[in-house]
Amino acid sequence: MKQGNTLSDRINNSLGKAQNRQNFRSAMSGLMEKRAAQFPDDEKLAKLRDRGREIRANSLRNLPYLLIELEKTLTENGIQVHWANNSFEANQIIVCLLQQNDAKSVVKGKSMVSEEIELNSFLEGHGISVLESDLGEFIIQLADETPSHIIMPAIHKTKKEIAELLHEHFPELPYTEDVDQLTQSARKILRNKFNQADAGISGVNFAVAETGTLCLVENEGNGGMSSTVPPLHIAITGIEKVVEKLADVPPLLNLLTKSATGQTITTYFNMISRPRQPGEKDGPEAVHLVLLDNGRSKIYGNSSLQEILHCIRCGSCINHCPVYVQLGGHAYGTVYPGPIGCALEPMRLGINKVGGLTSLCTLCGACEQVCPVQIPLPKLINRLRAESVLRRADYTSLIGAGSMRKPLESWGWRIWKWIYRNPAIYRVFSLIVTRTRELIPARMGRWARYRFNPKPARRTMHELAREAGFDNE
Amino acid sequence: MSRAREQILSALQQYSENGGYRGIVKTPKEEGLSKEDRVARITQMMEAVHGEVHRLLDREWMKWINTELPKRGYKHILVGSGDIGKIVNVEAMDSLQIHSYTAEIEEWKDQLFNQVDVSITSTRGGIASTGSLVIWPTSAEPRLMYFVPPVHVALLNAEDIFESFEQMVIEQKWSKEMPTNSLLVSGPSKTADIQQVLAYGVHGPKQLVVLILG
Ligand code: SF4
Ligand code: SF4
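Keeping their order, the protein sequence lines are chains F and E.
My numbering puts the first residue of the first sequence at 1, with every later residue one more than the last.
My numbering puts the first residue of the second sequence at 1001, with every later residue one more than the last.
Here chain E stands alone, though its shape is the one from the complex (with noise of 0.2 Å):
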């Protein structure tokens, strides 16, 4: 044991009460929006943050790939090992060409950063209140699909929607076991560290695409 941690912690110890939790775990009530109400309220929010948000049939999703990309001049796709990515590797267009993360990042970290132009990725959820996407990074897909390439696009299954952040951590029970790695995406990257202007794709996505299912 440090000495520093010795130290810090008996200072520390001299003045605590340890009055056991106190903090308020009620929840405040939620509004108690339909599905509908959430599918409303998060593309709302985030187009507000500048994210592009399309509602589609369960399994348009992929005709719209197939048209959207070629159009926008995107070539190189990025997926995952997950459905979405076999679906991908199966039905693409001839003109789009899929990579597929199925390497450790440090086998071609140069072509991820250099090549990709969109990864596709599913999600966990998404938080009406916020217009987020929740997503729980895996191995099938891997946390810098989310970060790296300059478009994003995330499928969102409709019923996956929660009100909010806080209904969401605790009906899912997220305190029992947390994954490596959780994120909350709420838009394209952005900054306005120059003199305030708002400014997007500083270091990840330049563009999200949210395509919301059933």
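With the rest of the complex left out, here is chain F (with noise of 0.2 Å):
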């Protein structure tokens, strides 16, 4: 966890930077305007919606049954498969099959798994060098910094910074602020990585079971040649990704497109079901695929978070989020930001370690209304907070559920609720704090610090309306 300790001095260290805050209301008023214009039909949009969720929620009842035919379907096709309950196991897994195969240098397409086991830094550990070919993830690899948003890595950065960060780094190319020279001059740098890089490694957007295929959706031919070019090609993803049909993958990839970055279809989708075959000129001679649980198992057995597994991470859901745009993704220190990150990282890692997390929702419901496969976001944020803070039979076994409750708030609020439940006592209390308005203090101490003073009325509603001639009831 970069950008600061604790979570309030990540979002105090976020709001002061104007730029920044700048950058992101712009990138993400852009994405909403070109999102909602692929989904101009709302009944049509709606029947979509319908069939991301049927399809997801499918892979999921079926998830152990379905994993285990993607194995084998993967394996009859020539891809091996691994499992690892964590990122330990998973790292650990990567960097074997690359000593195996004496990979030195690895060229990496997107992937928000990766970023979640921290592979980089462990293969860099193991004198493995890492490249992210991906321009977003090379630019923040550059400037050493994690994501801010899971499609757009380095939506945080203005071209000037980026000129300036590649200049750094490459002093032999000319310093410009042209987009078009700068993305020509990191397609020259990055070209010669491809050429020759050991092992390539990417993500996974869909796991077909039915015939053992691994789709990745991308714009810039990157992941096409990490999983091309190198003799070796490593993909990762979550257990939750797999679908059950082929026919199930059209629907999810119109979703995910249009939701993500408000495109028909991105410029490549990639099906690959086989390393190369005798007579094939290229393509990897291996293909491995590691299956990453790191916490999902645990979701997938709490009914009423299981939901949250549905997620095709299409980052809307972010773009559309009134909290993420006045912060951006790092004031939230875990790998997924936004609404999405606010109900997944605390279930995943904990709410003793990331709790605070659910704080950061106003419970607007923008995220719920836009998500492709209708994940009730803010219902999943509510009941984190209320796992938050009470430990029941009934809740479940969430790693530090209660252990955000504070003694004197739940003292405030068990005498508010006697207070509230006794209309005798009410009108008392009511009573008093009405009379005795001038006595707050004029300052609240920190709860007032972004707020108004609260000031208590002249007189009780309850009064105003029995003299307005309305009875009790």
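The hints are simulated quantities; they were obtained by calculation from the structure and are not laboratory data.
Misleading hints may appear alongside valid ones.
Claimed, not checked - In silico contact screen, one side only, chain F against chain E (beta carbon under 7 Å); selected entries:
no.: 1; residue: 63
no.: 2; residue: 84
no.: 3; residue: 158
no.: 4; residue: 162
no.: 5; residue: 180
no.: 6; residue: 210
no.: 7; residue: 213
no.: 8; residue: 220
no.: 9; residue: 221
no.: 10; residue: 222
no.: 11; residue: 246
no.: 12; residue: 250
no.: 13; residue: 272
no.: 14; residue: 281
no.: 15; residue: 282
no.: 16; residue: 301
This structure is a prediction, so every number in the text was calculated from the model and none was measured.
By construction, the Cβ of each residue, glycine as well, lies at the ideal position given by its N, Cα and C atoms.
Join the two chains into one complex using the hints; note that each chain is given alone, in its own frame.
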């Protein structure tokens, strides 16, 4: 966790960066408009989202069976499957595969799961060089930062910052702030690396159980090259990314690209079903898939939270969140920011570690409205808020459940409950509060730092209502 | 069998219902576009993402290659070993230098990465609703032909344009047998990673030319 130690440090830090905030605001507005333009017909959109949800729900209902089938079809196709309980195991598997193949340099396509397991630093610790080939990931790798958005990792940077960064690392290239020229510089640098890399690592957008196919969605062509040029391709994905049928893919793809970036489709949609076959002239000799759990099976066991695993990582909820747009991704301090992060990360990492994320939400509902697979994010976040202060038998085994309970706060609420439940006491209480309004301290401490000081009205609403002729009913 | 596998599966199996397939397999109704409508739609969609599209008669494409490529200053042309490759090898103008993808990539990687200007390939078909080329690379036309050269010229038969990806997958029964690799390509390689400004050719081709035949 970079960018400050505590959540409130990071928030203060993010709120202080005016340029960054402007970058987020304009980028998110653009993305919202583009998405809206892709879905002009509400009825059609509703149908498509129903389908998306049904496909993902089906995948989850049958998850263990589909994973077994996926393993079978992939193995038949010649793709080796590996299972990892956690980041450590996944990293171990990958480093072993690379070492067995004597691979010293890796070129990577975009993969949030690889961010999740902090693969790059692990491999570098083992003397393997890793190059991010997605332009956004490449930029933040140069800057030694983490992604601030799951789809557009370098969205917080201006072109001037990027120009300076490239110039600093590659002084032989002429300094330019022209986006086309910057992109061409990156092409030149990265081309050579592709040519020389010993292995390619990528994520997976959908894994099809029926046919043993790994699908990659991208615009740049780096995913296609990472999975074709080097002699070894290792794909890594969370266990929830499996779908049952090949026919499930087109509707999900349609929802994914339109929701994510407002594109009808991305430039490349790559379906990989086998390593290089005899007679074929390119493609990797070996393809491996690492299936990562990392807390997902625990979430799966919790029927009230399971829906979070429907997520297809489109980032649309992030683009529409009024909190994210103010803060940007780094304030969250987790791999996944925004609404999906507020819900998923406390489930994955534990409420005791990142439960504070659940407070980065106004429960406005925008995220649920745009989620292509209809995940009720606000409901889940609210549920997590409850779990963070309560430990109840009918709640779950979430790590750190109840850990955010504060004795004073909970006593406060208990007293309030008692007052509110007894009409006579409530009447006395409200009379006292209204009649002593002048005694409220001028500064209410931390609570009033960003809020107006509360001041009770002169008379209670009940009094006013009775005067106006309403009776107690 | 690995320990992780057993642990993950048993954790999941405890809670799964295995209800059989309940996803909606029924395809939504297509619009029923005519061939000409499909050509018009794919052209419009391709052009919207910076693709260049020309409608030609069947055998005119070679003439197009011979006039347009030299005019645009391209010299090193990559073809596969299929029908298109054969025709290009015989009929190309002398000023074009033809490279055929006949050796395994390891033997000529540098040349492919550094010398080739344009690749010319066939396609399996097209998708009107998204403006996509459907490509199943083969040993005659291998995968890197579509990713590495700065310009990609693709020939597409008008007959092979489907209305949607879904329709094509289902009608052609893709699930029976998937090829090593299949690809949808919709426009030239692009990125908006620098301050949301669209730029082309970050990794794959900077230019995609689609010649629709028939
Ligand atoms: S409900 Fe919460 S998380 Fe969702 S968009 Fe609104 S503020 Fe963001
Ligand atoms: S929660 Fe929904 S909107 Fe957010 S990334 Fe996942 S699929 Fe997209």
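Which hints from the list above does the structure break, by number from lowest to highest? Going through the list in order, the structure violates no hint and respects every one.
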